[in-house]
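Counting from 1, one number per residue, gives the positions in the sequence shown under our numbering.
No lab work stands behind these hints: they were computed from the structure. For clarity, every value in this text was computed on a predicted model and none was experimentally measured. Treat the hints loosely; a few may be bogus.
Estimated spans, in silico, between C-beta atoms of each pair [said to hold, decoys possible]: (1) A34 <-> E3: 11 to 21 Å; (2) T246 <-> D26: 15 to 25 Å; (3) S253 <-> E77: 22 to 32 Å; (4) G115 <-> D213: 32 to 42 Å; (5) A87 <-> G22: 18 to 28 Å; (6) S212 <-> E147: 44 to 54 Å.
Note that the Cβ used here is the ideal one computed from N, Cα and C, for glycine as well.
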Amino acid sequence: MTELVLGTAQWGAGYGVTNLIGRLGDAQIDAIAAVAQEAGIAAVDTAAGYGDAQRRLRPWSHAFAVRTKLSGAEPTELASGVDEALAELDLARLDGCLIHDWDALDPRTATTAAGELERLRDRGLSRCVGVSVYDEAALGLARDAFEHLDMVQVPANALDRRLDGSSLLGALADSGTIIQVRSAFLQGLLAGPSDVALGQHPHVLRFLAAASDSGHSPLAMTLAHVRALPWASEIVIGVASADELTQILSAWSATVPVLLSDDLASDDLSLIDPRTWGSATASVRMGP
Numbered sequence: 001m002t003e004l005v006l007g008t009a010q011w012g013a014g015y016g017v018t019n020l021i022g023r024l025g026d027a028q029i030d031a032i033a034a035v036a037q038e039a040g041i042a043a044v045d046t047a048a049g050y051g052d053a054q055r056r057l058r059p060w061s062h063a064f065a066v067r068t069k070l071s072g073a074e075p076t077e078l079a080s081g082v083d084e085a086l087a088e089l090d091l092a093r094l095d096g097c098l099i100h101d102w103d104a105l106d107p108r109t110a111t112t113a114a115g116e117l118e119r120l121r122d123r124g125l126s127r128c129v130g131v132s133v134y135d136e137a138a139l140g141l142a143r144d145a146f147e148h149l150d151m152v153q154v155p156a157n158a159l160d161r162r163l164d165g166s167s168l169l170g171a172l173a174d175s176g177t178i179i180q181v182r183s184a185f186l187q188g189l190l191a192g193p194s195d196v197a198l199g200q201h202p203h204v205l206r207f208l209a210a211a212s213d214s215g216h217s218p219l220a221m222t223l224a225h226v227r228a229l230p231w232a233s234e235i236v237i238g239v240a241s242a243d244e245l246t247q248i249l250s251a252w253s254a255t256v257p258v259l260l261s262d263d264l265a266s267d268d269l270s271l272i273d274p275r276t277w278g279s280a281t282a283s284v285r286m287g288p
């Protein structure tokens, strides 16, 4: 069964191209965490690169399984990064720890970082270890670098279908690797109409029109698509308010057939890859 995971990028920075609220206040975070807990969401996704999100998660760290992400650019610093995360979160052990910038590492550094992360797992500091990637090539490197790849995080949504039919993801899922989907709403662009420039992209408008024609909400449509991916174990969702989370939970529980045609897929990397957006449109370069 595919599960929802609560993202926390907005807890430490004004993440999200459609986020008009900015960095969330304490009351907003408390309300979101309470709704998530009541709904049975068991895990949260955070990162050292999300401002002070880890520290702000501390009051709730024992209520959820905490997965964080660290840079692997200096493999010898991964141990201190894990220690810092544990201290900020007031935890003795992480549920998961991923290398955040895996795609940017050269093969030698990547292999060294993977080995170091596995040693930290063997020491009992994290139940799962793995990587956050953008494409199949990086995924293949991770498979080869880790003795056992416990968890990977990949982008997928109604427009970005580059990995939908990945045999490698299928094989990893069959071997027990937890596959997390991120960018399900493409930083809010697929959640509904918006006034931001990227929200006027023809491929976004085409998707929103298709959702309208189907009689289902954009939230329900895009969740139904990623939920149906055969290799997906979890979907990371980030919200800027408790109301947004409640809307997503309602859409998640709706019975929606997968009605998205292949014609809705986009091959425009300037739209589907947030790394191309630049600091003017994305306040956090490495997405949840």
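Hints and how they fare:
| no. | hint | in the structure |
| --- | --- | --- |
| 1 | A34 <-> E3: 11 to 21 Å | holds (19 Å) |
| 2 | T246 <-> D26: 15 to 25 Å | holds (19 Å) |
| 3 | S253 <-> E77: 22 to 32 Å | violated (42 Å) |
| 4 | G115 <-> D213: 32 to 42 Å | violated (51 Å) |
| 5 | A87 <-> G22: 18 to 28 Å | holds (27 Å) |
| 6 | S212 <-> E147: 44 to 54 Å | holds (48 Å) |
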